[in-house]
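Model the full assembly from the supplied sequences, consistent with the hints where possible.
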Amino acid sequence: MSKDDSIGESLRKQGISRRAFMKFCAATASLLALPPGMAAVMAETLSRARRPSVIYLSYQECTGCGESLTRSFSPTLENLMFNVMSLDYYETLQAAAGTAAEAARKTAMKENWGKYLLVVDGAVPVGHDGAYCTIAGESAVDILTEAAKGAAAVVSVGTCAAFGGIPHANPDPTGAVAVSRIVKDKPVVNVSGCPPVPEVITGVLAHYLTFGSIPELDHLGRPKVFFGETIHDRCYRRPFYDEGKFAKTFDDEGARNGWCLFELGCKGPVTYNACPTVKWNQGTSYPIQSGHGCLGCSEPDFWDKGSFYQALSTGTWSGGAVLGAAAVAGAAIGVGAAIVSRRRHAHSEKEKQS
Amino acid sequence: MSALGDFPIKVVSADPARNFSRVLAIVNEVESMLARLADAGICGSIDLRSLPMAPGDRDVLRRIFAEGEVSAVVRALGQTQVYESVVRGVWWVAHQNEDGKVAAEFIEITHMPDILRTPPDDVADGLEMLHAQLEALGG
Numbered sequence: 001m002s003k004d005d006s007i008g009e010s011l012r013k014q015g016i017s018r019r020a021f022m023k024f025c026a027a028t029a030s031l032l033a034l035p036p037g038m039a040a041v042m043a044e045t046l047s048r049a050r051r052p053s054v055i056y057l058s059y060q061e062c063t064g065c066g067e068s069l070t071r072s073f074s075p076t077l078e079n080l081m082f083n084v085m086s087l088d089y090y091e092t093l094q095a096a097a098g099t100a101a102e103a104a105r106k107t108a109m110k111e112n113w114g115k116y117l118l119v120v121d122g123a124v125p126v127g128h129d130g131a132y133c134t135i136a137g138e139s140a141v142d143i144l145t146e147a148a149k150g151a152a153a154v155v156s157v158g159t160c161a162a163f164g165g166i167p168h169a170n171p172d173p174t175g176a177v178a179v180s181r182i183v184k185d186k187p188v189v190n191v192s193g194c195p196p197v198p199e200v201i202t203g204v205l206a207h208y209l210t211f212g213s214i215p216e217l218d219h220l221g222r223p224k225v226f227f228g229e230t231i232h233d234r235c236y237r238r239p240f241y242d243e244g245k246f247a248k249t250f251d252d253e254g255a256r257n258g259w260c261l262f263e264l265g266c267k268g269p270v271t272y273n274a275c276p277t278v279k280w281n282q283g284t285s286y287p288i289q290s291g292h293g294c295l296g297c298s299e300p301d302f303w304d305k306g307s308f309y310q311a312l313s314t315g316t317w318s319g320g321a322v323l324g325a326a327a328v329a330g331a332a333i334g335v336g337a338a339i340v341s342r343r344r345h346a347h348s349e350k351e352k353q354s
Numbered sequence: 355m356s357a358l359g360d361f362p363i364k365v366v367s368a369d370p371a372r373n374f375s376r377v378l379a380i381v382n383e384v385e386s387m388l389a390r391l392a393d394a395g396i397c398g399s400i401d402l403r404s405l406p407m408a409p410g411d412r413d414v415l416r417r418i419f420a421e422g423e424v425s426a427v428v429r430a431l432g433q434t435q436v437y438e439s440v441v442r443g444v445w446w447v448a449h450q451n452e453d454g455k456v457a458a459e460f461i462e463i464t465h466m467p468d469i470l471r472t473p474p475d476d477v478a479d480g481l482e483m484l485h486a487q488l489e490a491l492g493g
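Top line first, the protein sequences correspond to chains E and Y.
Here the working numbering is used: the first residue of the first sequence is 1, the next is one more, and so on.
Here the working numbering is used: the first residue of the second sequence is 355, the next is one more, and so on.
One should not assume that every hint holds.
Stated by the list, open to error - Covered by chain E, per the in silico footprint, the following chain Y stretches (three or more residues, Cβ under 8 Å): (1) 410-424; (2) 447-454; (3) 475-482.
Please keep in mind that the hints were generated in silico from the structure rather than gathered at the bench.
Each residue gets a CB set at the ideal place from its N, CA and C atoms; glycine is no exception.
In structure tokens form, the structure reads like this:
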């Protein structure tokens with residue numbers, strides 16, 4: 001497969017029919033919440049485009065995000081995603097090691113300067129001049145700074161890269177920060193989650209490949225198409241919440257009847273993510289469907305906000321007091337949660353402007 | 355244990371008195387789209403993955419839009435199951451991966467779903483293949 005081939009040509013050489021490619025586009029358009037008719041437009045645009053270079057860097061992370069990415073769609077569809085882009089550097093998957101790997105990264109950067117997509121997972125430690133994370137003798141912060149200079153855009157994959165995540169959690173011994181704290185002069189897309197929903201990662205990449213631009217972002221730099229609504233707003237258990245029917249323990253009658261998990265600590269009302277619609281394990285389920293409340297893992301500092309099993313009304317998530325008063329009646333909670341959500345949004349907007 | 359089915363899970367049937375508001379909303383939307391197809395020939399599509407669905411909602415929808423006169427299987431990057439429902443003009447299209455898991459699922463309101471038509475590029479490939487066969491046969 002030549003690097004100069006268009007995506008359509010390279011797929012054709014591999015014996016992938018246009019109909020199969022249309023199917024891939026239909027699934028991807030669905031992910032991006034595009035109107036179903038956009039699948040044909042996507043197929044046309046993608047097939048004529050050149051394969052963009054992607055450089056994937058990993059820092060303070062557990063490889064959960066990479067594991068998630070490689071479970072997107074199915075083996076076949078995932079391979080197709082990897083075929084429509086040129087993944088030129090990714091330590092977890094590449095065969096090369098040592099100086100050969102570093103040379104591959106530098107060559108890809110040089111050949112695609114200003115055009116490549118830089119994907120980063122993991123937080124970046126800045127304590128002790130970045131000494132807590134070094135690769136081939138260079139600190140993570142230096143490699144990231146250099147790589148970002150030639151990137152068209154940066155995608156921070158996972159809550160660690162997006163907001164600092166667990167490395168940044170109290171007491172944060174390494175001075176871990178989000179990628180956006182280092183990269184200031186390039187568009188940064190935050191695909192948060194611990195890990196992010198696999199299809200959300202590939203969906204953002206597909207959007208970039210199709211439209212040549214990053215998707216519209218929310219106040220925390222997350223793509224609105226996936227993070228535009230709370231887990232709670234899209235949850236199939238929401239009708240029980242509105243009726244004031246809550247599970248009190250994990251094995252009571254309410255839990256068995258699938259009632260709302262708010263009182264068991266669910267952070268769905270203040271968490272923005274696509275779990276209820278895209279779901280996990282190829283659309284099988286998501287935590288709430290499996291009987292456990294949302295942990296709020298796609299939100300900043302989720303690890304330091306108190307017990308996962310403490311109701312929002314009594315916890316340290318913003319606006320707990322407002323929620324507390326409403327906890328008695330489900331419908332009232334809905335209003336309270338919405339107010340908290342809006343306040344939080346307004347607050348962040350204010351921070352952004354200052 | 356190697357498969358999910360090996361786990362001793364107690365399956366509780368859906369409560370018949372449960373909330374059907376989500377299903378009702380979808381069926382109403384299909385009705386509007388079908389009316390538009392009948393009156394103006396405008397096709398429509400509902401992406402089922404973009405909607406919040408409770409366990410069991412899909413089964414209810416499947417019962418309403420049960421298999422009708424036409425069904426087809428497309429074998430491309432895993433199977434795609436397509437059938438026209440008993441409500442004519444309403445098609446169920448489920449794109450599966452190679453493991454048989456659904457990657458995308460639509461209710462299409464149309465005369466025939468696009469996935470069943472042969473795209474022009476594939477026609478060109480077919481012609482090329484046939485030329486090669488003819489050459490091999492000495493024709």
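Going through the hints against the structure:
1. With 1 residues having a Cβ less than 8 Å from any Cβ of chain E, the segment 410-424 of chain Y misses the three-residue criterion, and the hint is violated.
2. Note: the segment 447-454 of chain Y has 4 residues with beta-carbon separation from chain E under 8 Å; the three-residue rule is met and the coverage holds.
3. Proximity of the segment 475-482 of chain Y to chain E, defined as three or more residues with a beta carbon under 8 Å from a beta carbon of that chain, is established by the 3 residues found.
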